[in-house]
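Undergrad: The residues making up each chain are set out below.
4 protein chains.
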Amino acid sequence: MKKYQIGVMGSAADLEYPEEFEKAAEKIGEEIAKSGHITFYGAEKDYDSLSTAAARGAKKAGGLTVGVTYGKTKDVWDKEGNTDIIIPCGLERGGGREFVLVSSCDAIICIRGASGTLNEITVAYQLDKPIVVLKGFGGWSEKLADTYLDDRNRRKAIGANSPEESVKLILNELNK
Amino acid sequence: MKKYQIGVMGSAADLEYPEEFEKAAEKIGEEIAKSGHITFYGAEKDYDSLSTAAARGAKKAGGLTVGVTYGKTKDVWDKEGNTDIIIPCGLERGGGREFVLVSSCDAIICIRGASGTLNEITVAYQLDKPIVVLKGFGGWSEKLADTYLDDRNRRKAIGANSPEESVKLILNELNK
Amino acid sequence: MKKYQIGVMGSAADLEYPEEFEKAAEKIGEEIAKSGHITFYGAEKDYDSLSTAAARGAKKAGGLTVGVTYGKTKDVWDKEGNTDIIIPCGLERGGGREFVLVSSCDAIICIRGASGTLNEITVAYQLDKPIVVLKGFGGWSEKLADTYLDDRNRRKAIGANSPEESVKLILNELNK
Amino acid sequence: MKKYQIGVMGSAADLEYPEEFEKAAEKIGEEIAKSGHITFYGAEKDYDSLSTAAARGAKKAGGLTVGVTYGKTKDVWDKEGNTDIIIPCGLERGGGREFVLVSSCDAIICIRGASGTLNEITVAYQLDKPIVVLKGFGGWSEKLADTYLDDRNRRKAIGANSPEESVKLILNELNK
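Quick mapping for you: the protein sequence lines, in order, are chains A, B, C and D. Residue numbering for the first sequence follows the numbering used here, starting at 1131 and increasing by one per position. Residue numbering for the second sequence follows the numbering used here, starting at 1131 and increasing by one per position. Residue numbering for the third sequence follows the numbering used here, starting at 1131 and increasing by one per position. Residue numbering for the fourth sequence follows the numbering used here, starting at 1131 and increasing by one per position.
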């Protein structure tokens, strides 16, 4: 079976979010792992994030996880050791690290999401990769659900109603 | 006088736009040049853009211009030689080149703008750089005018009513 | 057990090398895998390399393998599917991709090696990462064996007499 | 006249060098400026370098200067304001910044040089750009003078006997 590299993007914990959002992000990772695929996430050095939560979920389900981080070291916010591979890419956070991360993904799933997630969505769109966004969790994911990012009408950011559905939809797109 | 490096971002010509939009972009560059500052733009290899038009305007007014491009060569869409410095940064277009470009700017002015410009706005916001967006020309600039990109409420994308005003507003921000 | 990310660098196949060199490179990967660690390599799109051979060896021994490549796609020279994770980093080959690759490694082992490998050695040295170089296979590895790259005298490129010894030496350095 | 972007690379001041070496580096920049071309250099944040000295010389002679630095800010070691354009490229020092720098140069001149300069020479060689190295100042420049970096025999690192000659030789190569 071909293993896909699926990125899970979402709000960082300097912006607060309810625990149920974290559970939803973990569920996305869990579903990716159960499907036999690889979870990519943006590993931070200073705080947790919904992206990091996805790696937690993926690891609980026995999946392979890859964290892409900024700077020169592998020190990331991952106390429990949920990350199999850490890529300290040598590019700064705020667009550089995010570019390497999305370039490395076959497709991305987004939940909630502030400016960093929006950045990642614009990269995925420009590289013509499938994008699924969760509905019901606010953020840029909610705002962009079922729309094109511009008049090139490349791919819609496909809205999903649940973590489970988000993984189904992304696999549908990847298997087309 | 301290010379600022001001980026002008906007739609690429694979998406059509009226000639008056091009004139407005040129005007932004012209005003930057007249103020004694340096115009940065995203140099494409395959077509014109509002960003490139700004460099044209800056050069007509005798300003210094810097184009940041992708790939390994200095071949850019600039038939008239309006670019003083070309930076082929070695990162791909679609997020990588854009990151190096925005990292190199003290502030950015955006006109219209599709997914690429949106990407650049997210980088500027994350790097906490002043952002001015033109109103009346559509695109992401119009949509984001006078809003924050997320709940961190770092800096608003300040709406401007004309090319002239956009340069005044960005200099105000930079001189604060 | 802590899993190290160990890069294996070496000549590309546009420069010819004897089959026994390929076997030696495979052996390095095999030994990394047997020790329970992760093999990183520079994945090319146009031809084989000693770096790619190491991934082959690692995979034969059941190890985890990560290929870092240039450009936007995951199409790499790996017909047999020896690569678990492919990182298309979005930076060009010739220094950019190599930087992301070495940044992602805890240490590197080099065999033979032309200008690309020399580039990777300079990055590892500057990032203060352990470097082991094989003796007896020529190239920059041979030339630099047991020397410092400059007067900062950070770390010697430690000479190894065999693939097996190279992995022992690198683990010694990493476990210090 | 076509203006070339010529990089001057050399040892950083954490490694000591005599004042006459600094004067020689300034002379290279001066000659580039007098020839009407643009001087690129690697701008450091913590100390002076022969590369920075070249920018000093270029500016004294009225030339245009571009410094490429790491990280997110334009704060560089340039007390006298000799830099017209500063590119904080968002990539780390030790291979990333150097890659963007060399990618942006049409050719490079090297004087003395430790591991950083060696890195830059490997990038220039791989991108097939002319390389001139000063003889008589030690470092990697001296070691590599009049040799090919590998068996691809792309371009020799051409040895020069003086700063003046180094600029003549690089212009010869560029005008071929």
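Source of the hints: derived by calculation from the structure; they are not laboratory data. Warning: the hint list may mix true and false statements.
[Claimed, not checked] Using 30 Å as the maximum straight-line C-alpha spacing, the simulated DSBU-like pairs for lysine-lysine come out as follows:
| id | chain 1 | residue 1 | chain 2 | residue 2 |
| --- | --- | --- | --- | --- |
| 1 | C | Lys1175 | A | Lys1202 |
| 2 | D | Lys1306 | B | Lys1286 |
| 3 | D | Lys1259 | C | Lys1202 |
| 4 | B | Lys1133 | D | Lys1153 |
| 5 | D | Lys1306 | B | Lys1265 |
| 6 | B | Lys1298 | D | Lys1132 |
| 7 | D | Lys1153 | B | Lys1306 |
| 8 | D | Lys1153 | B | Lys1273 |
| 9 | A | Lys1265 | A | Lys1164 |
| 10 | A | Lys1204 | C | Lys1157 |
| 11 | D | Lys1202 | A | Lys1209 |
| 12 | A | Lys1132 | C | Lys1157 |
| 13 | D | Lys1175 | B | Lys1209 |
| 14 | C | Lys1204 | A | Lys1190 |
| 15 | D | Lys1259 | B | Lys1209 |
| 16 | A | Lys1132 | C | Lys1298 |
| 17 | D | Lys1132 | B | Lys1157 |
| 18 | D | Lys1132 | B | Lys1190 |
| 19 | B | Lys1132 | D | Lys1164 |
| 20 | B | Lys1286 | D | Lys1202 |
| 21 | A | Lys1265 | B | Lys1298 |
[Claimed, not checked] Incomplete in silico selection of chain A near chain D, CB under 10 Å:
| id | residue |
| --- | --- |
| 22 | Tyr1200 |
| 23 | Gly1201 |
| 24 | Gly1220 |
| 25 | Gly1224 |
Ideal Cβ positions, reconstructed from N, Cα and C, are used throughout, including at glycine.
Undergrad: Are any of the numbered hints broken by this structure? If so, which, sorted upward?
TA: 2, 5, 6, 7, 8, 13, 16, 21
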